[in-house]
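Enquirer: Sequences listed follow chains A and B, in order.
Take 1 as the starting number for the first sequence in this note's numbering and just add one per residue.
Take 387 as the starting number for the second sequence in this note's numbering and just add one per residue.
These aren't lab readings, by the way, just hints derived from the structure by calculation.
Ideal Cβ positions, reconstructed from N, Cα and C, are used throughout, including at glycine.
Take the hints with a grain of salt, since some may be wrong.
Pairs of lysine-lysine, DSSO-like flavour, derived with a Cα cap of 30 Å [as the list claims (entries may be wrong)]:
#, chain 1, residue 1, chain 2, residue 2
1, B, Lys488, A, Lys354
2, A, Lys354, A, Lys258
3, A, Lys80, A, Lys258
4, A, Lys334, A, Lys258
5, A, Lys165, A, Lys258
6, A, Lys34, B, Lys488
7, B, Lys486, A, Lys34
8, A, Lys354, B, Lys486
One-sided excerpt, in silico: chain A residues whose CB lies under 10 Å from chain B [stated by the list, open to error]:
#, residue
9, Gly94
10, Arg115
11, Arg127
12, Val171
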Amino acid sequence: MNRTGTLLATALVSLILGTSGSTRAEVAVDLGIKEIYTNNLRKDSSDYEDWFTTRSVALKVYPLSTIEVSLGYDDAVYRKSNELNSVGGQASIGFVPTSEHSILSVYLESRLDLRYYHEDSRDNDNRGVHLSAVADFHPPVLPMSLRGGVIFSSSKYPRSDDLDKETVDLVGGLNWVFLGRNSLDIEAGASFATATFLDTLGYDTQKEERVVIFNHPYDLTTPDQLDGNLRMFSVSPRYSRPLDFLQSGLSILYSYQKICNIRRRFIQRPSQESLSPWVSIWEGWSIGFELKSYLVPRMIVTTGSTYWDKEYYSTLGANENSVWISDIVRMDLKRRTFLTLERPVTIDTDHVLKPTLTVDYTNNTSADPRYTYTDWSVTLSLSTTL
Amino acid sequence: MNRITFLIPLMFLALVLTPSLCYATDDGTVESLEPFVDLDGDGFNDNLDDSNGDGIPDRYSSTQQVAETVVEAIEDIFVLGNDPGSFITPEPSNCSVYGKLKFTVRGITAWRLGLDAGDSFGPESQGGGTGTHCVGGVCY
């Protein structure tokens with residue numbers, strides 16, 4: 001991890017030094033650092049507290065007025081959970097081929113990313129490719145806009161290929177302003193992910209638990225494994241408007257998502273479960289609000305609260321010798337509330353420092369007792385663009 | 387419970403119908419020459435001017451003391467006067483133009499749905515942005 005981080009940092013510094021000699025070097029550098037405390041890092045009944053620091057730097061180059069090339073580096077260091085330490089690198093190209101005053105806006109992006117973990121979690125090392133093509137149509141005579149697009153993501157785990165994940169999201173939305181300054185935004189999407197399913201379940205009388213039936217001995221390559229697509233449909237309306245008497249803006253958000261092939265189950269590695277891309281697949285609904293205010297001089301105060309009703313997609317745990325399944329379907333009722341205080345500091349006409357403090361509280365009640373928990377977290381962050 | 391289920395839609399209707407039929411602010415000034423649009427979902431008009439890029443729209447900074455920056459304050463002590471004609475407006479840089487183009491696609495660069503959306507919630511989930519500031523070809 002240290003060698004890779006050094007290489008990435010060296011490449012970034014070289015690029016900065018290489019371009020800084022240009023008389024019209026169009027370069028921007030984003031810097032960010034966060035210090036986070038949580039009294040429940042794993043978001044379960046273990047109540048395991050920890051501090052961790054994340055740092056990020058991104059170099060953005062503008063070879064043309066329609067293109068942004070970005071190279072980024074970030075790392076995370078934990079005080080106690082050293083096995084979760086990681087470094088990451090990102091490279092992306094964003095392209096806006098349409099003009100500022102066009103009624104059609106198009107955005108194309110391709111991004112590569114890498115993440116390497118501490119030697120105790122190397123199984124979760126991964127690399128990803130993300131491609132998106134999205135467009136927004138906003139006719140001048142109507143107070144509305146239509147948008148849509150397709151997003152492809154592929155995450156590969158060289159040391160744990162059963163974690164590999166490929167998703168395609170088809171998304172669309174409508175934004176409508178009515179009765180002055182009321183805004184209704186409706187977004188809908190269909191998502192597809194490649195996954196490996198196991199359909200056959202039986203009961204092991206000796207272990208007194210449900211297990212997958214294999215040919216003797218336990219064999220994970222039986223025909224019981226089926227490749228297929230996880231399919232999910234989702235829709236989310238959002239209402240927002242300003243509240244002038246409070247110098248604030250209010251938004252109310254509802255979301256609903258449904259998995260369309262619930263009867264099948266798929267394999268997930270149980271170790272370092274929180275790092276698996278398959279750990280948080282759920283269906284259900286949520287409703288919440290956010291209030292953003294400029295009432296306090298020179299500060300941006302944002303607060304909000306959301307309630308979720310979720311049923312997690314049933315997964316299988318697997319190790320070298322057996323496959324097991326929990327009889328308890330994880331169904332959660334979750335409430336989360338946050339308060340953020342941002343105090344931008346203008347250094348000069350072109351530099352703004354943004355220190356931010358966020359306090360976050362979560363209360364989760366689950367049918368699976370392992371996931372009934374509360375969590376307090378405090379985040380202090382500082383970001384700027386040079 | 388019946389009273390609550392009756393009151394909630396009534397309160398929502400009152401919120402929607404609260405006078406906002408024009409873009410005039412409480413002090414009579416016009417909020418913005420641009421039409422109202424809220425693609426980033428924070429409740430504010432995305433077209434509000436923010437000349438110093440600190441994330442606080444100018445109309446919410448005008449009632450506050452607009453403090454000079456430290457650099458400007460020092461410069462004002464030592465510079466006896468500036469001839470406006472001596473300033474040459476730099477040509478728009480690629481960075482500043484890209485920032486304006488990126489503003490036009492703020493509604494489509496961040497989606498709240500999808501398999502990877504997770505529990506995105508809070509300011510980071512709003513997405514959007516107003517680009518960067520650039521001077522003389524160097525972007526900040």
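Enquirer: None of the hints should be skipped; say for each whether it holds.
Expert: Hint-by-hint comparison with the structure:
1. With a C-alpha separation of about 21 Å, the suggested pairing of Lys488 of chain B with Lys354 of chain A holds against the 30 Å cut-off.
2. Among the hinted pairs, Lys354 of chain A with Lys258 of chain A is inconsistent with the structure: their alpha-carbon atoms are about 38 Å apart, more than 30 Å.
3. The suggested pairing of Lys80 of chain A with Lys258 of chain A is violated, with an alpha-carbon distance near 37 Å, which exceeds 30 Å.
4. The hinted pair formed by Lys334 of chain A and Lys258 of chain A meets the criterion: a straight-line CA distance of about 17 Å does not exceed 30 Å.
5. Restraint check: the Cα-Cα separation between Lys165 of chain A and Lys258 of chain A comes to about 19 Å, which is no more than 30 Å; the hinted pair holds.
6. About 26 Å separates the Cα atoms of Lys34 of chain A and Lys488 of chain B, which keeps this hinted pair within 30 Å; it holds.
7. Using a Cα cut-off of 30 Å, the hinted pair Lys486 of chain B and Lys34 of chain A holds, with the two alpha carbons roughly 28 Å apart.
8. The straight-line distance between the Cα atoms of Lys354 of chain A and Lys486 of chain B is roughly 21 Å, inside the 30 Å bound, and the hint therefore holds.
9. With its C-beta approaching chain B no nearer than about 8 Å, Gly94 of chain A sits inside the 10 Å limit, and its interface hint holds.
10. Taking 10 Å as the C-beta cut-off, the interface hint given for Arg115 of chain A is violated, the closest approach to chain B being about 14 Å.
11. A distance limit of 10 Å between C-beta atoms decides the matter here; for Arg127 of chain A the minimum to chain B is near 16 Å, and the interface restraint is violated.
12. A cut of 10 Å between beta carbons decides the hint on Val171 of chain A: the least distance to chain B is about 5 Å, and the hint holds.
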